[in-house]
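Based on the provided sequences and hints, a complete structural model is requested.
Here are the chains, one letter per residue:
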Amino acid sequence: MTKVLTNRFDLKGGACDIDVYLKTGGYQALARTFKDFTPDQVIEEVKKSALRGRGGAGFPTGMKWGFVPKESKRPKYVVCNADESEPGTGKDRDLMRYDPHLLIEGMIIAAYALGARDNYIYIRGEYWYIKEILEKAIAQAYERGYLGKNVLGSGFECNLYVHPGAGAYICGEETALLESLEGKRGHPRLKPPFPAVVGLYGGPTIVNNVETLAAVPWIIQNGGEAYKALGTEKSGGTKLFTVSGHVNRPGNYEVAMGYPLMSMVNNECGGIPGGRKLKAIIPGGSSVPIITAEEAEKVNLDYESMGTVGSMLGSGGVIVMDETVDIFETTMNVTHFYKHESCGWCTPCREGTRWLFKVFERMHRYEGRPGDVELLYDLADKILGKSFCPLGDAAAMPVQSAIQKFRDDFDRRIKSTLVQINTAAD
Amino acid sequence: MFSEANEKKLDEIMTHYPVKRSAILPALYIAQDEHGYVTDDDIRYLAKRLDMRINEVEEVVTFYTMYSRKPIGKYKLQVCRTLSCMLMGAEQITEHISHRLGCGIGETTPDGKFTLQEVECLGYCDLAPVLQVNFDYHEKVTSESVDKVIDGLQQK
Ligand SMILES: Cc1cc2nc3c(=O)[nH]c(=O)nc-3n(C[C@H](O)[C@H](O)[C@H](O)COP(=O)(O)O)c2cc1C
Ligand code: SF4
Ligand code: FES
Numbered sequence: 001m002t003k004v005l006t007n008r009f010d011l012k013g014g015a016c017d018i019d020v021y022l023k024t025g026g027y028q029a030l031a032r033t034f035k036d037f038t039p040d041q042v043i044e045e046v047k048k049s050a051l052r053g054r055g056g057a058g059f060p061t062g063m064k065w066g067f068v069p070k071e072s073k074r075p076k077y078v079v080c081n082a083d084e085s086e087p088g089t090g091k092d093r094d095l096m097r098y099d100p101h102l103l104i105e106g107m108i109i110a111a112y113a114l115g116a117r118d119n120y121i122y123i124r125g126e127y128w129y130i131k132e133i134l135e136k137a138i139a140q141a142y143e144r145g146y147l148g149k150n151v152l153g154s155g156f157e158c159n160l161y162v163h164p165g166a167g168a169y170i171c172g173e174e175t176a177l178l179e180s181l182e183g184k185r186g187h188p189r190l191k192p193p194f195p196a197v198v199g200l201y202g203g204p205t206i207v208n209n210v211e212t213l214a215a216v217p218w219i220i221q222n223g224g225e226a227y228k229a230l231g232t233e234k235s236g237g238t239k240l241f242t243v244s245g246h247v248n249r250p251g252n253y254e255v256a257m258g259y260p261l262m263s264m265v266n267n268e269c270g271g272i273p274g275g276r277k278l279k280a281i282i283p284g285g286s287s288v289p290i291i292t293a294e295e296a297e298k299v300n301l302d303y304e305s306m307g308t309v310g311s312m313l314g315s316g317g318v319i320v321m322d323e324t325v326d327i328f329e330t331t332m333n334v335t336h337f338y339k340h341e342s343c344g345w346c347t348p349c350r351e352g353t354r355w356l357f358k359v360f361e362r363m364h365r366y367e368g369r370p371g372d373v374e375l376l377y378d379l380a381d382k383i384l385g386k387s388f389c390p391l392g393d394a395a396a397m398p399v400q401s402a403i404q405k406f407r408d409d410f411d412r413r414i415k416s417t418l419v420q421i422n423t424a425a426d
Numbered sequence: 001m002f003s004e005a006n007e008k009k010l011d012e013i014m015t016h017y018p019v020k021r022s023a024i025l026p027a028l029y030i031a032q033d034e035h036g037y038v039t040d041d042d043i044r045y046l047a048k049r050l051d052m053r054i055n056e057v058e059e060v061v062t063f064y065t066m067y068s069r070k071p072i073g074k075y076k077l078q079v080c081r082t083l084s085c086m087l088m089g090a091e092q093i094t095e096h097i098s099h100r101l102g103c104g105i106g107e108t109t110p111d112g113k114f115t116l117q118e119v120e121c122l123g124y125c126d127l128a129p130v131l132q133v134n135f136d137y138h139e140k141v142t143s144e145s146v147d148k149v150i151d152g153l154q155q156k
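Chains as they are written, first to last, in the working numbering: chain A, 1 to 426; chain B, 1 to 156.
Because the hints were derived from the structure by calculation, they are not lab data.
Warning: the hint list may mix true and false statements.
[As the list claims (entries may be wrong)] Stretch-level coverage of chain A by chain B, calculated; a stretch enters the list once three of its residues show a Cβ under 8 Å from a Cβ in chain B:
id, region
1, 5-13
2, 89-103
3, 164-170
4, 174-187
5, 243-249
6, 374-386
[Stated by the list, open to error] If you anchor each label on the Cβ, the simulated ranges turn out as follows:
id, chain 1, residue 1, chain 2, residue 2, range
7, A, LYS70, B, ILE105, 48 to 58 Å
8, A, GLY202, B, GLU59, 42 to 52 Å
9, A, THR24, B, LYS70, 46 to 56 Å
[What the hints assert, rightly or not] For lysine-lysine, the following DSBU-like pairs were computed, each having C-alpha atoms within a straight-line distance of at most 35 Å:
id, chain 1, residue 1, chain 2, residue 2
10, A, LYS358, B, LYS76
11, B, LYS113, A, LYS191
12, A, LYS184, B, LYS48
13, A, LYS228, B, LYS8
14, A, LYS3, A, LYS184
15, A, LYS35, A, LYS136
16, B, LYS148, A, LYS184
17, A, LYS339, B, LYS20
18, A, LYS339, B, LYS8
This structure is a prediction, so every number in the text was calculated from the model and none was measured.
Where a beta carbon is used, it is the ideal one built from N, C-alpha and C, also for glycine.
As structure tokens, this is what we get:
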């Protein structure tokens with residue numbers, strides 16, 4: 001299979017050194033960009049590639065870049081979203097620690113396409129050692145003239161800074177990220193205006209995920225059409241998935257869009273330990289609806305196919321659960337996460353996630369009251385679509401899908417069935 | 001005031017942004033690095049240094065989980081409790097550490113050496129369960145490997 005993102009992963013960090021990166025074809029796409037592409041042509045090429053945002057929402061990247069106004073009084077910015085906090089996801093981590101220059105090269109090309117001089121990588125604070133890896137790589141890129149006042153003698157000035165977050169999932173949401181970068185609490189902004197028009201310090205700003213930007217050099221080198229051809233008609237290219245939970249070989253795997261989910265589980269990841277049976281998979285990070293083992297059999301890893309089973313590709317965090325797992329427990333676990341990470345800005349999410357968790361707590365003690373399962377579903381309904389930013393939906397969808405598909409695991413927590421439970425649990 | 005080296009570091013960081021206030025998150029890490037936590041003096045000082053009001057700095061400090069407003073252990077033992085780690089036995093790891101140190105979740109040992117915390121997803125889901133000690137990651141931990149980590153820190 002053609003690899004776009006993970007060609008240097010086997011070097012286990014060796015490619016952090018710019019000389020190794022150069023020897024393995026690095027910065028050639030950038031040189032080519034200045035030689036053969038106008039900024040608009042870069043955007044056109046990305047449009048042709050059918051590349052979609054890898055941060056979770058899957059928005060077409062070329063289209064987003066096209067929204068940036070050509071003329072702007074305020075400076076424009078490219079901001080890389082390296083906040084990677086969606087439970088189940090650890091792909092940007094490896095992209096940055098194994099091949100930092102690939103991201104840097106992608107960012108410089110994006111900055112050239114959009115006319116942005118100063119650019120930022122917003123990285124989650126826990127990834128401190130990766131921040132240091134990036135800073136070293138950036139220093140090397142300055143030394144060799146890939147960054148700075150006059151990139152490769154083109155007259156284009158490009159600067160790149162790494163900015164640490166400090167432990168807040170909501171700062172992965174692009175407008176909260178911009179607030180945070182401006183030195184404030186990470187509360188989301190009202191959209192529209194979208195960041196592409198009014199973003200960082202009021203200037204037009206493109207926020208893209210690490211993986212999205214890391215795909216750009218390949219697209220420039222090989223052409224948008226070639227990239228698209230690697231995947232499906234509507235989901236171009238390849239994608240990096242993090243597989244965690246009950247598989248023999250958890251890890252990050254790059255596959256072509258459209259690759260069958262169960263091939264990933266059984267081939268790349270070596271199947272489920274101890275010959276146990278699959279129970280459920282959360283295919284795109286904890287925010288997306290859960291799917292059953294039967295659904296997992298018929299679904300492929302691309303945006304459209306995931307939709308057919310009522311789920312989403314999300315961030316590409318595949319969480320695998322075997323038959324020993326109680327879906328009530330796993331859903332309570334993610335609800336705790338959203339309750340903890342709710343930024344408190346709007347009422348449905350702030351209060352709703354606390355309520356949800358309260359009901360979970362009493363059911364956890366097998367003290368659920370008749371009607372509590374319906375209450376959970378209803379509470380989730382009051383959050384879904386009614387909160388200020390998508391974090392509310394992310395809290396509601398897992399609860400609703402889990403109840404729809406694994407109702408038994410919830411019913412067992414209602415008090416009237418207590419006797420039955422105790423025998424089942426022992 | 002910070003040490004001369006850290007003052008220099010902060011000066012350099014401030015050149016990254018068109019507004020001073022943007023440097024607040026990196027600046028708070030520096031404060032925490034110097035004093036172990038963010039002190040009242042740090043808050044007053046940074047407000048002045050970054051042209052912010054004192055309550056604006058305070059607002060930021062309390063929003064982000066990686067800053068502490070009170071003294072904590074020299075080593076922050078952070079066990080991830082989120083789904084992928086839970087599936088791989090994170091709870092037992094937390095219990096094991098808690099038992100060994102005689103210290104509950106959120107508490108600090110009497111000698112001021114360790115603080116035990118349960119935290120949310122650390123981005124190491126495929127390498128679960130994971131323990132982060134200050135900024136150092138320990139992946140695929142077991143009771144035994146955690147014991148070794150703690151043994152090592154106790155000798156420091
Ligand atoms: C609550 C929440 C958390 C998010 N976390 C991340 C994240 O950690 N990393 C990321 O790239 N995108 C995250 N996103 C998506 C961003 O808002 C945004 O869509 C993305 O950075 C755009 O880049 P892309 O088009 O390249 O995916 C999050 C969104 C929400 C609502
Ligand atoms: S939905 Fe939640 S995270 Fe989003 S603004 Fe409202 S409270 Fe904050
Ligand atoms: S769930 Fe523990 S690191 Fe992601």
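How the hints compare with the structure:
Under a criterion of three residues with beta carbons nearer than 8 Å to beta carbons of chain B, the stated coverage of the region 5-13 of chain A fails, only 0 such residues being counted. Coverage of a stretch by a chain is defined here by at least three residues with a beta carbon nearer than 8 Å to that chain's beta carbons; for the region 89-103 of chain A and chain B the count is 4, and the condition holds. Using a Cβ-Cβ cut-off of 8 Å, 6 residues of the region 164-170 of chain A lie near chain B, which meets the minimum of three, so the contact claim holds. Counting residues of the region 174-187 of chain A whose beta-carbon sits less than 8 Å from any beta-carbon of chain B gives 7, enough to reach three: the coverage restraint holds.
Counting residues of the region 243-249 of chain A whose beta-carbon sits less than 8 Å from any beta-carbon of chain B gives 4, enough to reach three: the coverage restraint holds. For the region 374-386 of chain A, the stated coverage by chain B is not satisfied: 0 residues place a CB nearer than 8 Å to a CB of that chain, which falls below the threshold of 3. Between LYS70(A) and ILE105(B), the C-beta spacing of about 54 Å keeps the proposed range 48 to 58 Å intact. At roughly 21 Å, the beta-carbon separation of GLY202(A) and GLU59(B) lies outside the given 42 to 52 Å, and the hint is violated.
Distance hint check: the CB atoms of THR24(A) and LYS70(B) are about 48 Å apart, consistent with the given range 46 to 56 Å. Between the alpha carbons of LYS358(A) and LYS76(B) the distance comes to roughly 29 Å, so the proposed pair stays at or under 35 Å and holds. Distance hint between LYS113(B) and LYS191(A) is unfulfilled; the C-alpha atoms sit about 46 Å from each other, more than 35 Å. Our distance criterion of 35 Å between C-alpha atoms is met by LYS184(A) and LYS48(B), whose separation comes to about 16 Å.
Proposed proximity of LYS228(A) and LYS8(B) is contradicted: the alpha carbons are some 47 Å apart, above 35 Å. For the given pair, LYS3(A) sits about 39 Å from LYS184(A) by alpha-carbon distance, which is inconsistent with the 35 Å threshold. Annotation: proposed proximity of LYS35(A) to LYS136(A) holds, straight-line Cα distance about 27 Å (limit 35 Å). Between LYS148(B) and LYS184(A) the CA atoms are separated by roughly 40 Å; this puts the pair beyond 35 Å, and the hint is violated.
With a C-alpha separation of about 32 Å, the suggested pairing of LYS339(A) with LYS20(B) holds against the 35 Å cut-off. Among the hinted pairs, LYS339(A) with LYS8(B) is inconsistent with the structure: their alpha-carbon atoms are about 39 Å apart, more than 35 Å.
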